[in-house]
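Chemist: Those protein sequences? They're chains V and X, same order as listed. Here the first sequence is numbered in our numbering, starting from 1 and rising by one per residue. Here the second sequence is numbered in our numbering, starting from 373 and rising by one per residue.
You can take every hint at face value.
Between beta-carbon pairs, the in silico distance windows are:
{"hint": "1", "chain 1": "X", "residue 1": "Met535", "chain 2": "V", "residue 2": "Tyr87", "range": "56 to 64 Å"}
{"hint": "2", "chain 1": "X", "residue 1": "Gly434", "chain 2": "V", "residue 2": "Glu178", "range": "30 to 38 Å"}
{"hint": "3", "chain 1": "V", "residue 1": "Ser84", "chain 2": "X", "residue 2": "Phe461", "range": "54 to 62 Å"}
{"hint": "4", "chain 1": "X", "residue 1": "Ala713", "chain 2": "V", "residue 2": "Ser169", "range": "44 to 52 Å"}
Residues from chain V shown here face chain X by an in silico Cβ test under 10 Å; the list is partial:
{"hint": "5", "residue": "Gly219"}
{"hint": "6", "residue": "Thr220"}
{"hint": "7", "residue": "Ala357"}
{"hint": "8", "residue": "Phe359"}
{"hint": "9", "residue": "Val360"}
Hints listed in this document are in silico derivations from the structure and should not be mistaken for laboratory results. Idealized CB from N, CA, C, for every residue including glycine.
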Amino acid sequence: MPMRHVAIVLGIAGFWAGLTAPAVAHAPGTLGFVIRDWFTAIHESKFMDECPEGLNIGNDEFWWRSQPKDLRARITGNGLERASRRYWEVMGRGPNGEDICMNPTLIKDPPLRVAEGKIGYGDNLDGTTDGHATAKTCKHDKYTSPDGKTGIDNQMARLVGCTFGWRKSGMVELHANEERGTAGHGMILVEVTGVTDPRNSDDVTVTFYRSIDQYTIDGTGQPLPFSTYRIETYNGKPRYADSLKGKIKDGVLTTDRGDVKLPFYGNNAFMHPVIKDMALRLEIAADGNTATGMLTGYYDVERFMYAMGSVGQVLQTAQVSCPAMYVAAHQLADGYPDPKTGECTMLSSAFKIKAYAAFVQHPQKERRQASR
Amino acid sequence: MRRHFKTIASVAVTVAVTVAALTACGPKEPASEGGTPEMRRLTEEQYRNTVGDLFGPTITFGGRFDPLARTDGLIQLGARTARVTPSGFEQYYTLARSIAAQVVDEEHRETLISCTPADPKTADDACARKFYAQVGRLLYRRPLTDDEIKTPTVAAHDVATSMQNFYNGLAYGLAGMMVGPKFLFVMENTEADPDRKGEVRLNADARASRLSFLLWNSMPDDMLLTAASKGELFTKEGVKRQVDRMVASPKLEGGVRAFFTDFLDLRKFETLEKDPVIYPSFNVKAGEDAKEQILRTIADHVVTRELDYRDLFITRHTFVTAALARIYRIPAGRPDGGWTAYEFAESGPRAGLVAQIGFLAVNSHPGRSSPTIRGRAVREVLLCQKVPDPLSNVDFSLFNDPNSPHRTARQRLTAHAVTPACAGCHKITDPIGLGLENFDGSGALRNMENGEAIDASGDVDGIAFKDAKGLEKALRDSPAVPTCLVNRLYAYALGRPIESGDKNAVAYFQEAFAKDDYRVPALLRRLTASDAFFKVRLPKSEAATQARATDGLSAKDTPS
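Extracted from the complex, chain V is given alone in its bound form:
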């Protein structure tokens, strides 16, 4: 599921003493993080210049337009029923009443309005300056970041940038983030090991786990820093444990690129997207309580569309046409071409993340402490 702004909860090790940050007592050499907020990095201009034709219309409106007046009146109770009450009718626009978000190729809607413009967030994933096709990528447009960095790839932002559900106040990612907070499912833990200094370490390993504990929140609903989270295991081993090498410089964690399978949960749907060529950049706050940053890489089109089809009623508020988005997603895909068709299968992406300090507890540590 693409996201605009990701929050991670980090657990930080015991070498803060002497810094401006509060001291932390922890196993030396380890930082822990857990992601709280995760939003697709869309550059939203003040006057919505990136969407000159306006925002997309969604499934509900397409359904509305397709129905005769008397049927609409009957199903909507003469306009008295909320849109959410006709969710199943709206989704069942397939030729035989099929769910058109789960089967987005069954019908055709007018083309999706995709985001335009030159400014966007992300990283240069293909290494080119102009987005020309390579053995690993398809031709695409590049962005320049707001702070002047050129060659930015972020086709995911183009795909969802003019769809209300992914923009500010949109519910798709906001709801997913909040739901993780209340359900406690699919929270991403990030553990940084090999840390010699929490502000400067040349060689660290960053590993991504899934938590089985819920957030502990404060009076405002935000996670409390330095909570402890147990990692999920399967057959005695961590269910998710992909790693990247990285470094910390002046409190900023950056990783090399690599393929990472991440846990995810939101809008009643579980996912485990594999983000190819993924890298993480996190700025750790001086007080050590939080960290913000960006996660970039290639996101699989089919996995994205499948997840979107599982989202459910949140889509009713998102103003999105699944068939139109499916077509656009394949058109915008810029990474990992299919060997047979040559069509790219993945979207360059960037996600904004917010994280809170946390402790990542491994099963063996849990057992050891419990036996004391």
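Fit chain X to the given chain V structure using the hints.
Modeler: This is chain X only, laid out in the frame that chain V set:
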């Protein structure tokens, strides 16, 4: 569970052996003048413990009681002058009715009522009398007189008849007993001392209560009252047998916890509030756990492991929950909120009771730390020293000004203390409290305040230190620390303040405590085995009257 009992048994054996040896060869107890016998209201915890011991844990009740004043450093002493207000009586009455109703309900009556009425739809005086005699002995902590049994029996008869329900009547009579002063107040009755003409002694039942409320913080049980009725509590051997049994009981921990709750003034946790914006991690759960952490640490240290009391101030061994771990910034052993043992790192900034979240947070303001409050708490609570109250017209503008040029508490206090009227007291408190400035108002560690490095140096009674661990070491080595504990425990055990006539006895216990390597169970043994523990005298004016009135009479109960 088995391990727990094993530990307790081990402690008991150790204590028994130690005390047997020490009483044989330790310092000799000086003669004690004794104090006047007292009457004091049950504390809330004593009330709850008594109901729990008498009727079992399935009897549930809420409610709060009128607060007791803390006098001479102990709530136990404030209970001597406690009254029952009209609203407090209403609370007692509501509780008593609730408890009595549960005792006679269908779930409990078979196990809690030893007789069955001939007809449950009418009164049964014989069954009621039997019940009130049995329960009343434990409620009143002594055998009941015939009149005391008759009163609830008559009440129960009337209600049972009018309501055509024996159990409703029984509950009515029981509730009446539970709102009476004979239950709500511990009365130390005396009798003429047959060995010392013209003097009085605590009667056997009062001795049982002294023992049980000191060691268990609850009523005497059946075995203790039976021993009392046989006169065994008038002999050293008889007392020792009972103390052996009581120290071996799991309820000893409850007694020790109750003393330290009182001694350390942990009642302050009931009104502890922190600004959730400034200290988001310090929620209600953290506050509750912080208090419990102090008590767990103490119980483990002084009861389970029977270690040197002074080492409480330097121990790195404690227990934490997830709520506390967040503030300590350590991994929680159990993210589900349960307790796990934890050892603070030797190289870390924390050790000892004073550096625990509980002490730091409860002795701070809602939104910031307070070296003055912390210093005062150390002086008054741990060292038994009196710090004068602040003047009523103190200018706090330096502390409340958000644009103050003084970034750290040390700077603010230095500026504030130029006022001569304030300087005197701050010299007493601040050099101690500033040693804890590396911990904010929630007890979390910090190295900076408003961007400026914190200087946590200070001194306590001429002993300089650099940080909190230095302060704790100074307290650990301070002779005033064990002396204070002995003084407070002596007063707590006897239920009255230390008087001039106690000087020698207190000095004896202080010396004995040192010889016992500052083990609290050993001190409890010494105390309960001493003459001073049970020694009472009438007030001088009454003593003369008493002497005349009882001259030539045999020993007989005389209400104090």
